[in-house]
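Take a look at the letters that make up each chain.
There are 2 protein chains.
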Amino acid sequence: MKSDIEIAQASQSLPITEIAKKLELNEQDLELFGSDKAKINWSAIKQAQANQHLGKLILITSISPTPAGEGKSTMTIGLADALNNQLHEKTLIALREPSMGPVFGLKGGATGGGRAQVIPMEDINLHFTGDMHALTSAIDTLAALVDNYIYQDNSLKLDPNRILLKRGLDVNDRTLRKITLGQGSRFNGIEHEASFAITVANELMAILCLATSISDLKQRIGNILVGYSTDNDPVFVKDLHFEGAIAALLGKALKPNLVQTIEHTPALVHGGPFANIAHGANSVMATNLALHLSDYVVTEAGFGSDLGGQKFMDFVSTHLEKAPDAIVVVATVRALKYQAEQSTDNLANENLAALREGFKNLERHMNNMRQYNRPVIVLINKFDSDTEAELNLLQNLIAKHGIDSEVVTYHNDGSLGGIKAAEKVRDLTSQEQGEVMRSYAKDDTIQVKIEQIAQKIYHAGKVEYSEKALAQIEHLKELGKDKLPVIIAKTQYSFSDDKKVLGAPTNFTLHVKNLALKNGAGFIVVSTGSILDMPGLPKHPAALDIDIDDDGKISGLF
Amino acid sequence: MKSDIEIAQASQSLPITEIAKKLELNEQDLELFGSDKAKINWSAIKQAQANQHLGKLILITSISPTPAGEGKSTMTIGLADALNNQLHEKTLIALREPSMGPVFGLKGGATGGGRAQVIPMEDINLHFTGDMHALTSAIDTLAALVDNYIYQDNSLKLDPNRILLKRGLDVNDRTLRKITLGQGSRFNGIEHEASFAITVANELMAILCLATSISDLKQRIGNILVGYSTDNDPVFVKDLHFEGAIAALLGKALKPNLVQTIEHTPALVHGGPFANIAHGANSVMATNLALHLSDYVVTEAGFGSDLGGQKFMDFVSTHLEKAPDAIVVVATVRALKYQAEQSTDNLANENLAALREGFKNLERHMNNMRQYNRPVIVLINKFDSDTEAELNLLQNLIAKHGIDSEVVTYHNDGSLGGIKAAEKVRDLTSQEQGEVMRSYAKDDTIQVKIEQIAQKIYHAGKVEYSEKALAQIEHLKELGKDKLPVIIAKTQYSFSDDKKVLGAPTNFTLHVKNLALKNGAGFIVVSTGSILDMPGLPKHPAALDIDIDDDGKISGLF
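Chains as they are written, first to last, in the numbering used here: chain G, 1 to 558; chain S, 1 to 558.
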């Protein structure tokens, strides 16, 4: 069996100008990055935004992630390939772009797998069109400007010990989680504690993925809360006048990136915020543009439907020109058995009892998503070890809820691995659609919003707030920021805030520990545990297997 | 008077594919970055390297830098434009690419000025083709891998307090000069002191600019000295097996970047090491490629001729396929008056006495360069305030040494501002050339090398070594590294190691304080003072004036 990078490198890409033609974009509409990648130029974006056409939007989400693997990106890409190449529907993928740091840590890029990949795989995983690097520059330039302001001027009395901004690198480096900087001579600035987070975890990534124009980007950057003065006043970026320079660093990065799948389906791969501390979807720029440029848009939300799916339906879709027309929940037999067994040891063996027990996780996810008043279908990503009996049992269990399902093999077979599935999804999007039923109302208080999500999506019995969290809620009221949407940061492995509780727990207590105002992004991050925003490297980092030959060909990426 | 960015943005660039045609390169030979930037592909590089043709190489160097400005890049670009467009010689520029950090600090990019600029100015100064970002990633990934190795394994007993690698950012941030990392929980790694340097100051930049192929790049990365074990053994990158991954991050960055001047002369803008702690010239890849692709190559060395010029002639040129055929020393009337007056206050007023006194600085530079047995010419970069009498005096003073000179106005007039100068430079390159006379022999000891440069170039009376430096020299002998070339880090403002001593001092003592083995680059950095490798931002950073409009057009860069 060939590895993903071998399949990707053996595939023949079309010139990106040819891919663009499928979207009625010509070479002048593109900023080329080599022959197989491009950014869409502002003139073309504005022209597309002005047209009345809006395609159908298909959201891919999944059961709770497990070490057994779900293959959400593979399903996104495979489904789009099937719509495009088997049903001949004008289809565009909107996908998050990978963070480079993890590529050198645990194996695994984020470009799909097998015959369902976006290419050039090694470029998309390393450097790509420079968006992550532009973000890193913007993050660290902003941090340097702020520290320099305190050192040189500080008429606003910004307290160096109350700076909320973190520095950033697109590298997995645990040693940078907690540092002291400005040490040594006084010419080295003001000594204080600080922290680096991985680039994708920074508020600027969330902002890049929500901004709808450069002026919106600039305004959001200006709204970032930098920290507090010694008089306890909030200080925003606009108070320091750094938003123009930071927006200048990010202007190009705001333009969506066009690539293709192995089967030449066009794909916009742009932006990549986490789905716990941020909203977990590719850029609003890319999805809106895709809706204007094609008839079917397939997009993906991070982690399970309780995290990425909920955030997409309650938050992201309010920024889009339309909400999803259909929701696909991805499941695998292996992952559901893992939900019951909590071990990867015997997943290749038939185990109907474990599957029946683990199904409770899928049951919760698919019924949760149905609450949004959008049609839901389950696609089962088949692994070679799945038995006929297991697949039948799973489809029957799903059907009892009046939800349709299909078994697909996009990984092995490309678009041929799920034509019927693509037809069913297409049919769902043409159903008459009522209003989206969101989990909370825009004007609900912070606590009501949290409790609505906890009840409807997590199925918690109650929500408990730490004293710190209650004080923070009071403070947010004082700032007039208590009506912003909430983004709940929770472990992705469980519906609860305890990563060891798998399946579909009920009546548990959700513990709200901390709130953070992301005023530029326009949301409040509600933490229910400690979420690591700077990963570490493992004992055998993937870097040890990565190499490059004298023609520039890279090997060892997975 | 229009600003540089206004002139650059008002100029009409040709498609980079048209520029490439002038070099007999077609679209398949390019990796495009938009319509006006490209990297040259490996196949085209290898084909060019195989041809027998080598053009003439013209080295641009200058008097000691002052706040009055010399305009070395402007002269490099203007002279190339004159050769290309007025004399119709097939000419290519090889120039260093700018560091982004300083763009947000003190005003000033590094793309020339007035009518002598490389474009697109704002792209080259911000992000460009991602080379600086690839370096930053490589630097910080390597540092993270090393710290992770100590945390997870450390069978080589690498001492966390004796790591020589610095982390890097392309940002001016004084607070990162001295930090403590790995603080807090033990899951945050091993606590130790560390430091960030600006990206261009890292050994990886020097390596990128010296490597002649990806395999050479990988070998040099493997040779980097990481630090020492608790048993006092040196530990190299290859001992940790990280060179493949780091080379993979830098593979694309090793390909030279093609852009154009305002007057459409092709330019390779690639790599940018400092001329104090490194060798101060654009990449060997770019200069060698330029020699194969054109008849005249104009390139530039950093700072004054005592730093960049000496390093180019004694070190860089030994890596090139040929040494320079002519050396141009750039001078301005203003800067020479500053050498005498040490103030910018009255530089616009005629002052023949100050010019005569300040000429001693130029006299030393031009005569030093003549020692290398290559023809030397002085080009005087005319400012509007220069008087006829001043220019006549200066040319007469130069002529007394049997050295020719020309007054040029490339900044205001583009290639028309110095046709005669271009003719004279061309004539110099066609003189019969003897052997280059280098300052020291390859097999000289470290001390002899230092003393030869101190005597012949700096005109020091003697060299004094700190005890630490003497011990380091002993250690380098033990390592068998005592025959490597030396790169002397010295203030750029004076021939001496005291930045306040202007003009042409003699009989001073040069103080050698520290030596550092850059084993991947293949040289020993000899420090004669404290050289800052991480700049800070000024009280009014240029960032405050930088902005971007809704079409992505950037303003406020200078």
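Treat the hints loosely; a few may be bogus.
Identical chains blur together in the list; that is why a pair holds if it fits in one copy or across any two.
[To be verified] Below, simulated DSS-like cross-link-like pairs (lysine-lysine); rule was C-alpha separation at most 25 Å, straight line:
1. Lys539 - Lys360
2. Lys539 - Lys157
3. Lys500 - Lys477
4. Lys238 - Lys539
5. Lys238 - Lys553
6. Lys166 - Lys178
7. Lys157 - Lys90
8. Lys2 - Lys513
No lab work stands behind these hints: they were computed from the structure.
Here the structure is a predicted model, which means the values were calculated and not measured.
| said: When Cα atoms must be at most 25 Å apart, do Lys500 and Lys477 count as within-copy, between-copy, both, or neither? | reply: neither (34 Å within a copy, 58 Å between copies)
| said: One pair to classify: Lys539 and Lys360, alpha carbons no more than 25 Å apart. Within, between, both, or neither? | reply: Neither way: Lys539 and Lys360 sit 35 Å apart in one copy and 61 Å across, limit 25 Å.
| Given a CA cutoff of 25 Å, do Lys238 and Lys539 count as a within-copy pair, a between-copy pair, both, or neither? | between (43 Å within a copy, 17 Å between copies)
| message | Reference check for the pair Lys157 and Lys90, CA-CA at most 25 Å: within, between, both, or neither? | response | neither (56 Å within a copy, 59 Å between copies)
| message | Cα distance capped at 25 Å. Does Lys166 pair with Lys178 within a copy, between copies, both, or neither? | response | both (10 Å within a copy, 17 Å between copies)
| task | First find the shortest C-alpha distance between Lys238 and Lys553 inside one copy, then the shortest across copies, and answer within, between, both or neither for a cut-off of 25 Å. | result | Between copies only: 20 Å across, 45 Å inside.
| query | When no copy is named, should Lys539 and Lys157 be tagged within, between, both, or neither for a Cα gap of at most 25 Å? | reply | between (44 Å within a copy, 16 Å between copies)
| query | Is the C-alpha distance from Lys2 to Lys513 at most 25 Å within one copy, between copies, in both cases, or in neither? | reply | So Lys2 and Lys513 fail the 25 Å test inside a copy (46 Å) and across (56 Å) alike.
Hint compliance for this structure: hints 1, 3, 7, 8 are broken, all remaining hints hold.
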